[in-house]
Structure formats: C-alpha cells, structure tokens
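J.: Going line by line, the protein sequences match chains E and P. Start counting the first sequence at 1; every next residue gets the next number (this note's numbering). Start counting the second sequence at 1; every next residue gets the next number (this note's numbering).
Where hints are given, some of them may not hold.
Pulled from the structure, derived: some chain P residues nowhere near chain E, Cβ distances all over 12 Å [to be verified]:
| id | residue |
| --- | --- |
| 1 | T32 |
| 2 | Y48 |
| 3 | S55 |
| 4 | D67 |
| 5 | R72 |
| 6 | R92 |
| 7 | K173 |
| 8 | V176 |
| 9 | I197 |
| 10 | L240 |
| 11 | E253 |
| 12 | N284 |
| 13 | I286 |
| 14 | F332 |
| 15 | N351 |
Taking lysine-lysine pairs in the DSS-like style, the calculated list, with each CA pair at most 25 Å apart, reads [claimed, not checked]:
| id | chain 1 | residue 1 | chain 2 | residue 2 |
| --- | --- | --- | --- | --- |
| 16 | P | K198 | P | K229 |
| 17 | P | K359 | E | K20 |
| 18 | E | K117 | P | K395 |
| 19 | P | K198 | P | K300 |
| 20 | E | K20 | P | K358 |
| 21 | E | K20 | P | K355 |
| 22 | E | K30 | P | K359 |
| 23 | E | K122 | P | K392 |
| 24 | E | K20 | E | K138 |
| 25 | P | K173 | P | K296 |
| 26 | E | K30 | P | K355 |
| 27 | P | K147 | P | K228 |
| 28 | P | K342 | E | K122 |
Everything labelled a hint here was simulated from the structure, so no lab data went into it. C-beta atoms are modelled at their ideal positions from N, C-alpha and C, and glycine is treated no differently.
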Amino acid sequence: MDENLRRDIILAHYQNPKNKEIVEDERYVKVNTNNESCIDNIDLYVLVEEGSIKDIKFQGEACAISTSSTSIMITNLIGKSIEEAMEYIKNFDAMVNEKEYDSALLQEGIVYNEIYKQNNRKHCALLPYIGIRKVLDKKEELL
Amino acid sequence: MNREDFPMLLQDIIYFDNGATTLKPKCVIDKTVEYYEKYGANAHRGDYDISYKASEAYENTRRLVRDFIHARFLEEIIFTAGATEGLNLITRGFFEKLLEPGDEVLLTKSEHASNVLPWFSLAKSNGIQVSYIPLDSNYYVTLDNVKKAITPHTKVISLAYITNVIGDIRPIKEIVEFAHQHNIFVVVDAAQSIGHIKTDVQDLDVDFLVFSAHKMCGPTGVGVLYGKKELLENVTPLILGGGMNESFDNEAEVYLKDLPTRLEPGTPNVAGVIAFGSAIEYLNKIGLAEISFYEKNLRKYLVEKLIAIPHLDILNLESDSGIVSFNVEGIFSQDVAYFLNKYNICVRAGNHCAKILKKEVGVNNTIRISLYFYNTYEEIDALVELLSDKDKILKEML
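Full structure from sequences and hints, please.
T.: Set out below in structure tokens:
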C-alpha cells in the first residue's frame, strides 16, 4: 500500500473520526475498552437488533492509531450481521498478528497491514476490536 | 554535566523521563556487582566475615541517608521498597490507629496515586475524611490556601515536596510550622524532590518523609521512610517475619526488635541498599546545590524555547523544578511521544499517575519532560527542533 495514501486515510479518521457522538439512547450497549500500558480510553455504544449491528458510536480519548482504527471499524461494521462482523474481526486480528487473512474483507481496515512492524502499536489498532468483541460475544450466545 | 558517568548515555538516546526514573551512574552499577561477587551474604545474620561486611555496607547506607536528609538519629531511617511502600506503611501502621471517624486528611489534587490511594483506602475502612487544599491559578499550593483549608477536624496534611506533573516546590517548612501549631501531622512525599533539591528534615520539621532511591541515581526497589523517632516507635509493622523479631515462643509472647530493624522484615534488598549508598556518595560529590542550579537554568532555557512554538500549550510555565508538561495542539500526547521515540527521545505521555489532577487543570493527558543534571542544552535544541515542525509530527507519528 502506498505510504502517503495509508497516512492520509489514518489521519482523516483521526482528525475527523466518524460516529464519534454522544449517545443517550438506552437501547445501545455501552462497553469501555482501554489500554493498560498507555492512556487510550474508548467507550463504544453498540446497537444490535435482530441479529445485526444497526449502529455503533464512540466516545473517548485515544492516540491516532486507536482513534482511526475505531472510526474505520465502526464504518465497516454498521449493517453487518453478527456472523459477518465476527468474520471481519477475526480477519483484522489475523492481519495485525501476521496470520493469513482475507484482505478484500477488510476494506479500509487494510491500512494497518504493516502495524505489526511496530510492536508497541499493535494493541492500539486492536483496541476497539477488544471492546466490540465483549458486546458481540454476549450477543452470539443469545442467538 | 557528568554524562560520562552514565553507561546508558553511550547509546544514542536523549532521556527526558527522569521523573519516572533516573539513569544509574557506573559506580552504582559496579557496587551492585561488587556485592554479589565479593560479599553476597545476608546482612545481620551469620558470624562470618562476608556477612559482617554486607551488614556494614548496608548500615553504612543508613548513615549516608541520615546525613543526606540531616536526620537526627539512625533509627529514623527505615529502608523500604520505595516511596509507595513508605506511604502505605505509615497510613496503615500509624494513622489507622490514630485517626477516628470524621478526622480529616488534607491532600492536593496534584498528588501522585501513591499519596492518594492509601488515604482513600483509610477513608473507606476508618471513615476518615479526605479533603483537598485548593491550588492557585498556577496549580501551586500556598500557605494561605493551607490556612483556609484547615478545619478543626484536620489531623494530617500529606503532600509532595515537588509534584510530578506541575513540578512546583511546595513551601513545606511554612506549612509544617503552621500545621504543628494546630497539632496536625505533616507527611511529605519527597520522591520528585530528593535528588533535585536539598532536604533537611530537621529544618523542615516534617513528621514523616518518603522517597525512592531510583529517582536519585540509585537502584529500583529501594526507598526510605523517615519518621521522627518518637513517631516511628509507634508504627506497627504491617509485615511480620524474619529479621524483625526478637523472640517468640507462642502467640502471646512475640517480641519485636527495636527500630529500625522492626520495620524492615524479611531479607531486605541488601544489594540495592548498598548500591544506594554509592548513589548518595555520587550525588554528594557533585553537590545538590550544583544540580538544582543547573536544572533550573536548563528548565528556563527549555521553557523559553517551547514558548516560542505557537502550536504548543504549556501547562506549567512557572516552576522551579525540571518538570515541564505540555501538549501539541490537536495531537494526542501519546502520538507525540511515539514520534519523538523515532528520534530516540524518551518522554512520558499520559496523566502521570496524577489522575485527580485532570479536572483541576482541564487537561487529561500531557507530554512531560523531566530533566536531570546529565541533560544538556543540545538535547533541548534537538527536542525543540522536532516539536517546532507540526507537519512533520503529523506525518511521522504513525
């Protein structure tokens, strides 16, 4: 991937993150995800209805990688069924951890395909995924 | 100053995180090795030469500490694992018995977690009240604000000599004088000050004072609890075991040793304490006055340069210590730290364990530069050059 394009995408999602809004709707499930070794701290608000993700919003303070990764994840997950979302998450996780993955599935998430080179930032990219998993794992049990 | 004494500085790094820990001079590292290679026996135990030598070296550090902080008696120096342990020891081992429900402890919002959480814990278990001395517009503690904050219920004031985010030097002597007129104990967390400014516990007249060796060129895992002898006599050990007991036959007949051994249970960090002695000798040789003076000038230079960068927000323009906290507008502090790391510049990003400060200053996280005597003007120039170019930060921080 072209380095400039990668940077532009990450910075666009960092400086103008999508779906970063306050949610006061009780139908949303709130989950916090934070990074023990640094100061990233994100709250996800997830609306799951009829087995699919209707909406996600987020709040909080985090670094460029965590913030952009959250924005990209949310953009890609809205509208997906829980199974599709889990598949996306599995592939993203595989990419960050240098395992085999389906790049077509990840869309803009692909910008983190070289994050493994910076060990201390892998967790930043994965941060929102740890949060969303907490919600979806529970929802999966209910299916 | 004295850069050649620090093996870490042979690497291509600029180390600006001295508030977290300081680098160690070769003499301290050598001393650790010397103990393990030449007389690595337990202290206060065997009746043989090398154990005697280890004991002597261990106790020699106590003498060095006593003189370094100008304590009256050797027994007033208790070795701990660090400032955190010291604060926990006195909150639980001394103040728990003394304080009654409704009694008040005064802190400030800029204290480090280790001077907050033990008191919170005591508040929960003993019903004491934790209140705060208001900070002024520079986030400083003034004697006036201390006077205003004290109530008839105030029994303890516990605060840092120098805080780890704002870096202000508190008027401890004046605070103690006023507090003692009202029968209030004063506990001082000297972790950030001990290696930077002169500490004289008799002149300050503090009741307790804690610090860590690793923030003054010493090893990690060693600290000191100073207490006035008559107060330490009443500190109950929190950990019981070997070394600290005199004799025991059954549960009714347990006799503990005298100070300071009573409060140093188990095998202490013998190597660490001995090496800590070297660190004190090392700092004495350079001179704390010299260190303070150099640091103050270095900070002045740093702040002057940082002020000139329009996209920086500096939290503490004023302060006499070597701590400067700031943010680059629109960029998360940790991203700036990652960026600087690419140029081997070590800075800290975050809330620096002062989590109740953020509401007070309206800023959650900052980048913190904390200087020490081995930092140089050239290092500051390198930092300033990188921080001046916001586009470069944005381009390279990922």
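J.: So, for every hint listed, does it hold in this structure?
T.: Here is what the structure says about each hint:
1. T32: The assertion about T32 (chain P) holds, with a minimum of 27 Å to chain E.
2. Y48: holds (45 Å)
3. S55: Answer for S55 (chain P): holds, closest chain E Cβ roughly 40 Å.
4. D67: Nearest chain E Cβ is 39 Å from D67 (chain P), so the label holds.
5. R72: The claim holds: R72 (chain P) sits with its nearest Cβ about 43 Å from chain E, beyond 12 Å.
6. R92: holds (26 Å)
7. K173: holds (35 Å)
8. V176: holds (35 Å)
9. I197: holds (29 Å)
10. L240: holds (33 Å)
11. E253: Correct as stated: the minimum Cβ-Cβ distance to chain E is 46 Å, above 12 Å.
12. N284: Given a closest Cβ separation of 36 Å, the condition holds.
13. I286: holds (34 Å)
14. F332: Answer for F332 (chain P): violated, closest chain E Cβ roughly 5 Å.
15. N351: Since the minimum Cβ distance to chain E is about 6 Å, N351 (chain P) lies within 12 Å and the statement is violated.
16. P:K198 / P:K229: holds (21 Å)
17. P:K359 / E:K20: At roughly 22 Å apart (the allowed maximum being 25 Å), K20 (chain E) and K359 (chain P) satisfy the hint.
18. E:K117 / P:K395: holds (17 Å)
19. P:K198 / P:K300: Holds, at about 20 Å.
20. E:K20 / P:K358: Cα-Cα ~22 Å, so holds.
21. E:K20 / P:K355: The hint holds at about 24 Å.
22. E:K30 / P:K359: Given that 25 Å is the threshold and the Cα spacing comes to 23 Å, the pair holds.
23. E:K122 / P:K392: This hinted pair holds, its Cα atoms lying about 22 Å apart.
24. E:K20 / E:K138: Roughly 23 Å separates the two Cα atoms, so the pair holds.
25. P:K173 / P:K296: holds (21 Å)
26. E:K30 / P:K355: holds (23 Å)
27. P:K147 / P:K228: holds (24 Å)
28. P:K342 / E:K122: Satisfied, since the Cα-Cα distance of roughly 16 Å is no more than 25 Å.
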